[in-house]
Amino acid sequence: MIRYILNKFIFMFLSLFVLVTATFALMNAVPGSPLQSEKATTEQIQKNMEAYYGLDKPLIQQYGLYLKKLAQFDLGISMKKRFQSVNKMISQSFGYSLRLGIVSIITSVLAGCVLGIIAAMYHRKFLDNLAMVIAVIGLAIPSMVMAPLLQYLFSVKLRMFPVTGLKEPLAYVLPTIALSSVSIAFIARLIRATMIEVLHADFIKTAKAKGLGGHLIVWRHALRNSMLPVVTYLGYLAANVITGSVIIEQIFAIPGMGKFFVQCVIDRDYPLIMGTTIFYAVLLIATRFLADIAYVLVDPRIRISAGKVGG
Amino acid sequence: MKTILDVQDLSVSFDVYGGVVQAVRGVSFSVKEGEAVAIVGESGSGKSVTAQTIMRLIATPPGKINRGSIVFDGQDLLSLSEKEMQKVRGNKIGMIFQDPMTSLNPTMTVGKQIMEGLMKHQRLSRSAAKKRAIELLSMVGIPHAESRISQYPHHFSGGMRQRVVIAIALACNPALLIADEPTTALDVTIQAQILRLMKDLQQQTKTSIILITHDLGIVADMCDRVIVMYAGQIVETGTKREIFRNPQHPYTKGLLNSLPRLDQAKDEPLVPIYGTPPDLIKPPQGCGFCSRCDEAMRICETDVPEMTAISDTQTVRCWLQHVRARPTEMDSGKGASA
Numbered sequence: 001m002i003r004y005i006l007n008k009f010i011f012m013f014l015s016l017f018v019l020v021t022a023t024f025a026l027m028n029a030v031p032g033s034p035l036q037s038e039k040a041t042t043e044q045i046q047k048n049m050e051a052y053y054g055l056d057k058p059l060i061q062q063y064g065l066y067l068k069k070l071a072q073f074d075l076g077i078s079m080k081k082r083f084q085s086v087n088k089m090i091s092q093s094f095g096y097s098l099r100l101g102i103v104s105i106i107t108s109v110l111a112g113c114v115l116g117i118i119a120a121m122y123h124r125k126f127l128d129n130l131a132m133v134i135a136v137i138g139l140a141i142p143s144m145v146m147a148p149l150l151q152y153l154f155s156v157k158l159r160m161f162p163v164t165g166l167k168e169p170l171a172y173v174l175p176t177i178a179l180s181s182v183s184i185a186f187i188a189r190l191i192r193a194t195m196i197e198v199l200h201a202d203f204i205k206t207a208k209a210k211g212l213g214g215h216l217i218v219w220r221h222a223l224r225n226s227m228l229p230v231v232t233y234l235g236y237l238a239a240n241v242i243t244g245s246v247i248i249e250q251i252f253a254i255p256g257m258g259k260f261f262v263q264c265v266i267d268r269d270y271p272l273i274m275g276t277t278i279f280y281a282v283l284l285i286a287t288r289f290l291a292d293i294a295y296v297l298v299d300p301r302i303r304i305s306a307g308k309v310g311g
Numbered sequence: 001m002k003t004i005l006d007v008q009d010l011s012v013s014f015d016v017y018g019g020v021v022q023a024v025r026g027v028s029f030s031v032k033e034g035e036a037v038a039i040v041g042e043s044g045s046g047k048s049v050t051a052q053t054i055m056r057l058i059a060t061p062p063g064k065i066n067r068g069s070i071v072f073d074g075q076d077l078l079s080l081s082e083k084e085m086q087k088v089r090g091n092k093i094g095m096i097f098q099d100p101m102t103s104l105n106p107t108m109t110v111g112k113q114i115m116e117g118l119m120k121h122q123r124l125s126r127s128a129a130k131k132r133a134i135e136l137l138s139m140v141g142i143p144h145a146e147s148r149i150s151q152y153p154h155h156f157s158g159g160m161r162q163r164v165v166i167a168i169a170l171a172c173n174p175a176l177l178i179a180d181e182p183t184t185a186l187d188v189t190i191q192a193q194i195l196r197l198m199k200d201l202q203q204q205t206k207t208s209i210i211l212i213t214h215d216l217g218i219v220a221d222m223c224d225r226v227i228v229m230y231a232g233q234i235v236e237t238g239t240k241r242e243i244f245r246n247p248q249h250p251y252t253k254g255l256l257n258s259l260p261r262l263d264q265a266k267d268e269p270l271v272p273i274y275g276t277p278p279d280l281i282k283p284p285q286g287c288g289f290c291s292r293c294d295e296a297m298r299i300c301e302t303d304v305p306e307m308t309a310i311s312d313t314q315t316v317r318c319w320l321q322h323v324r325a326r327p328t329e330m331d332s333g334k335g336a337s338a
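Residue numbers (the working numbering), protein chains in the order written: chain V, 1 to 311; chain D, 1 to 338.
The following block holds chain D by itself, in its conformation from the complex (with noise of 0.2 Å):
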């Protein structure tokens, strides 16, 4: 399949007060046309950083792209001038937001809302951009769509609200959606609904997915793909069947260790990873999980990984698994003295 969305070494930073933050550091990955990834990690590990730049939503300053490429659809996003940038923004790339309560303008009705993206990327007239809005309402799933495309959004609800949200991404068909914690302010029950929704409407869109969550259980339901965040790098990649269960980062076992499990003893206790995440104004000299990674070694404090194939899917960033600290190695006496 064709890959719509190459990200190559893309490095972000924020000046801010106390001095600059590395908030992503040399991401790289792809998303194929059609696919579903998810981009997973805790907070403040960038995740959302490189989903805004890849929007070049990001404010510069104080924001500032320092290295790397993003190209979609043979173009290069970073090399576009802002003109340019908003064809493709709403045009081929959706975004979704976190908190549907604040993303939608309160003295605008939803259907102006929806309109807005048709009339200036399709030039649809006013009434076309209307039956179409309408059309989009009623596949996310809003009964009475030709009513209540003249309200406001406080006549919706929470999921209502992320529905009315998901319309106006989808409007005018992108290639590319990504969807920024499209869930995490919504209750468990409406959760499932709009996760059902986005899986649904993928089906028969063809639209790729990236999913930004820190809820794995959500990455179990929706993704082909997971990549594991941390500290402003990529820690592991894999399907989706790979990540779970054979997960080769602690930081990824410890995520999974984290979760309640249905098979688990009632009265045995969570696991949790002790510790917080680096300070990004100094980034850490070698692997940023090893001042909380309970097998780490001394290499581990002085020099960063690099990325070692597992399987043809799976990639991870751990001297663990690097080929010098493989047994076959060891057993012919080449490496595990570095």
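Just chain V, with the same shape it has in the complex (with noise of 0.2 Å):
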């Protein structure tokens, strides 16, 4: 196990370091730079602009000196939102982010599995159909469109709730909503399909064969034997749901970190690609990690050997 988990750091430093690279490389790449405005400003301005941030300097030595700074944890300053640095800027909004996301890990997970158990238990009954045709609305409506129309219903007409913010716990409602129903509906049709062929399982029948209740074969015997394919979907979805969605952000004007994601790039601000990339990516992986150990504690035939995850 510990062997385990220390393989797993060295392979999470490297593909960091491999990030790391190709998107300075990337970025780089792209045309333009941070420092170009519509203001006509004098040659010896942009120079010294360049010079005051380390951009006169050959590439290879900017590399370096970037990753000397991510060492030290030091993201570097904004170059557009001047005396700003990134790490600040970072921890500002990612504690919106990190908190809608949170809630709404929660509620697709617990509305995703009862779902999922009521359409799985009542296969091709009424609650089976209801259960899906919920599911299939979730994935249908684009959240750009679901999280208007909750507004307007929920917070202009029927004034429920607040517009946006993320002020009280009440204003949590609607963007949880909006930012969940994609995950609750896909997570329900995984548990219906797993739990499904589980319920077909010969174990289940030797459970109801001991007189075992029909409700508690599927929370004791048959819930722990389809949660496999969430805890996968999980590590990705929480990875993408903490840091923030960039719509449900704009729509419900929540200060997260979801919007620096496209303006950054569309500005050129160099610390703030390369800062909002890498903390992206420091949290996937490490998500991942988590979903690893999870799999050893939903199901014990998986057992950590070294290097690996085997069955």
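Hints are computed from structural coordinates only; laboratory data are not their basis. Just so you know, not all the hints are guaranteed correct.
Said to hold, decoys possible - Taking lysine to any residue and the SDA-like style, the derived pairs with C-alpha atoms no more than 20 Å apart in a straight line are: (1) V:Lys125 - D:Asp15; (2) V:Lys125 - V:Ile196; (3) V:Lys39 - V:Lys81; (4) V:Lys167 - V:Phe154; (5) D:Lys282 - D:Arg67; (6) D:Lys64 - V:Arg124; (7) V:Lys125 - D:Tyr17; (8) V:Lys125 - V:Arg189; (9) D:Lys64 - V:Tyr122; (10) D:Lys87 - D:Leu124; (11) D:Lys83 - V:Met121; (12) D:Lys112 - V:Leu216; (13) D:Lys112 - D:Gly141; (14) D:Lys112 - V:Leu223; (15) D:Lys83 - V:Gly213; (16) V:Lys205 - D:Arg56; (17) V:Lys205 - D:Tyr152; (18) D:Lys112 - V:Leu297; (19) D:Lys112 - D:Met101; (20) D:Lys112 - V:Asp202; (21) V:Lys80 - V:Ile278; (22) V:Lys47 - V:Gln61.
Said to hold, decoys possible - A few chain D residues that don't get close to chain V, going by computed Cβ distances all over 12 Å: (23) Asp6; (24) Arg67; (25) Asp73; (26) Glu135; (27) Lys199; (28) Ala265; (29) Thr276; (30) Gln285; (31) Glu301.
Glycine included, C-beta positions come from ideal geometry on N, C-alpha and C.
Make one complex out of these two single chains by using the hints.
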């Protein structure tokens, strides 16, 4: 187990290094510069600014300097918002995205599981069809349509929830629904499919022959055996959701991280591009790692041996 | 001895895509206290469906119990509600399934799987149930039961898993144990061990056993009485000795002929039963076996024979043994023309 984790860490570090290098190269390959603007500036000003940000040095030296600062967990200073460090920008906005993200993950898993279990238990009956219709609606309506619809109906017309912001607990409701509708639907379908299969397994018959009731069988015997695909999906979902959704954060005016992902590329804000990319990558790698560990907790047949998760 | 299980005229059908399969067609038999009864027959003869109907484990729909009664220990199981049935399953009737590789929950320790039934039916506390589970595991011959109890099924070999399944089935001292092909998925040496274990346990606990199998060798080893099923009906019943020494139904004879014998010459080929069982979506009008039977007569195609008693213990469903077909009757000029 410890060797597995150590190995995993080395690989995580290596992939992060590759990612940093690739991002740095791609970013500099894109035409344009963070210092270009509509304002006419003299050549001297341009040169001074380049010198200030270290852009006058050869690329390889810039890369070396960046790595050195990165090793000290310093992501640099934004080129657009002057005197704002990238570290600070991320830490200020990440809190909002994280909180909304966690609420949304919990909602996705709970609602997805409940819908999926109901669908599987009443396979081919009315409740199954109802749950799957809800799931298809969730999958089919994109969040940029869902979010304004929710706002219009529940905030403007019914005045049940605030339109925007995240100031009070009630304000979380609408963005959470908009953010998790797709993953609720996805998890519901995933659980339904595996559980229908599991409910036909021989060990379910053994459980019935023991005299256990239907609900106990689903809870104790079927659910855990149906969770594995969901755990796989969770790793991906978590990284995606807690870094914030550009669309949802825009629509609900949430000062989260989502907006940086698009804006920094348009601005060619080099340190911010690097910072957000690395931050996202670290989260993604970390959640995948946690998902690997969670496999072992869910299914005792998966044992961790050095270097890989093996069956 | 007291009769523990009495099945009368049981008929079960399944709605499938192509129509309605008449899986079990009027089966009647009984099991006495402490007795081991074998139900033999090939795949699709209705033996497993009969067993699962006794446990009320068939899914309805597509399954449907059309007629009959199953009286166990004085109560008709078919009239019980699902809740009441849950108190019978695993408590008064235990069941062992065919494939030990898939009949245990892979994500639960074997101890918990044994304890579940104990805690539900006997209301044992967690620690008492655990103690009993350890006892059961050592009873079914698993060494180091105290430590193995917290292991998962994948830590056990096939034979060991079947021992665990037996421990689960016997946990609450059931009056009846239904073993549905308990050794089919195991290799021959392990088969012998499991059968020996079941036999020993039966002698210890005085449990009645219904053993479902298509392996006559197992029957000879284990059982007192044999029920031969074919195409959803019982075609012959008798004591072990009667069935092996004096089979009456052409199907039973065919089954025995298709077995290799130790006293047989090496180059003598085995005699198979040619043909296939009838399609039970359209059950045959007459005897189910007549299309494969060498001795079939005209009446076999049109009329189902009744059960005819050969002795106090042996009955057979065949026109050849029918009262009207017996030589004595024939001599007096009554029968044979039918």
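For Lys112 (chain D) and Leu216 (chain V), compute the direct alpha-carbon distance and say whether it is at most 20 Å.
Satisfied, since the Cα-Cα distance of roughly 14 Å is no more than 20 Å.
task: Report holds if the minimum CB distance from Ala265 (chain D) to chain V is greater than 12 Å, and violated otherwise.
output: 42 Å, holds
Given as non-interface: Glu135 (chain D), which should sit over 12 Å from chain V by C-beta:
18 Å, holds
Does the alpha-carbon distance linking Lys112 (chain D) and Asp202 (chain V) stay inside the 20 Å limit? 17 Å, holds
query = Is the straight-line distance between the alpha-carbon of Lys112 (chain D) and that of Leu297 (chain V) 20 Å or less?
reply = The given pair, whose Cα atoms are some 17 Å apart, holds under the 20 Å limit.
Sort out whether Leu223 (chain V) lies within 20 Å of Lys112 (chain D), counting only the CA atoms. 16 Å, holds
Is the hinted pair Lys112 (chain D) and Gly141 (chain D) satisfied, with a Cα-Cα distance of at most 20 Å?
-> 18 Å, holds
| Holds or violated: are the alpha carbons of Lys167 (chain V) and Phe154 (chain V) at most 20 Å from each other? | Cα-Cα ~17 Å, so holds.
### Query
Between Lys125 (chain V) and Tyr17 (chain D), is the straight-line Cα distance small enough, at 20 Å or below?
With Cα atoms ~18 Å apart, Lys125 (chain V) and Tyr17 (chain D) stay inside 20 Å; holds.
- Would Asp73 (chain D) pass as off the interface with chain V, using Cβ distances and a cut of 12 Å? 15 Å, holds
Sort out whether Arg189 (chain V) lies within 20 Å of Lys125 (chain V), counting only the CA atoms. 15 Å, holds
For Lys112 (chain D) and Met101 (chain D), compute the direct alpha-carbon distance and say whether it is at most 20 Å. Holds - the C-alpha atoms of Met101 (chain D) and Lys112 (chain D) are around 17 Å apart, at most 20 Å.
Violated hints: none; the structure is consistent with every hint.
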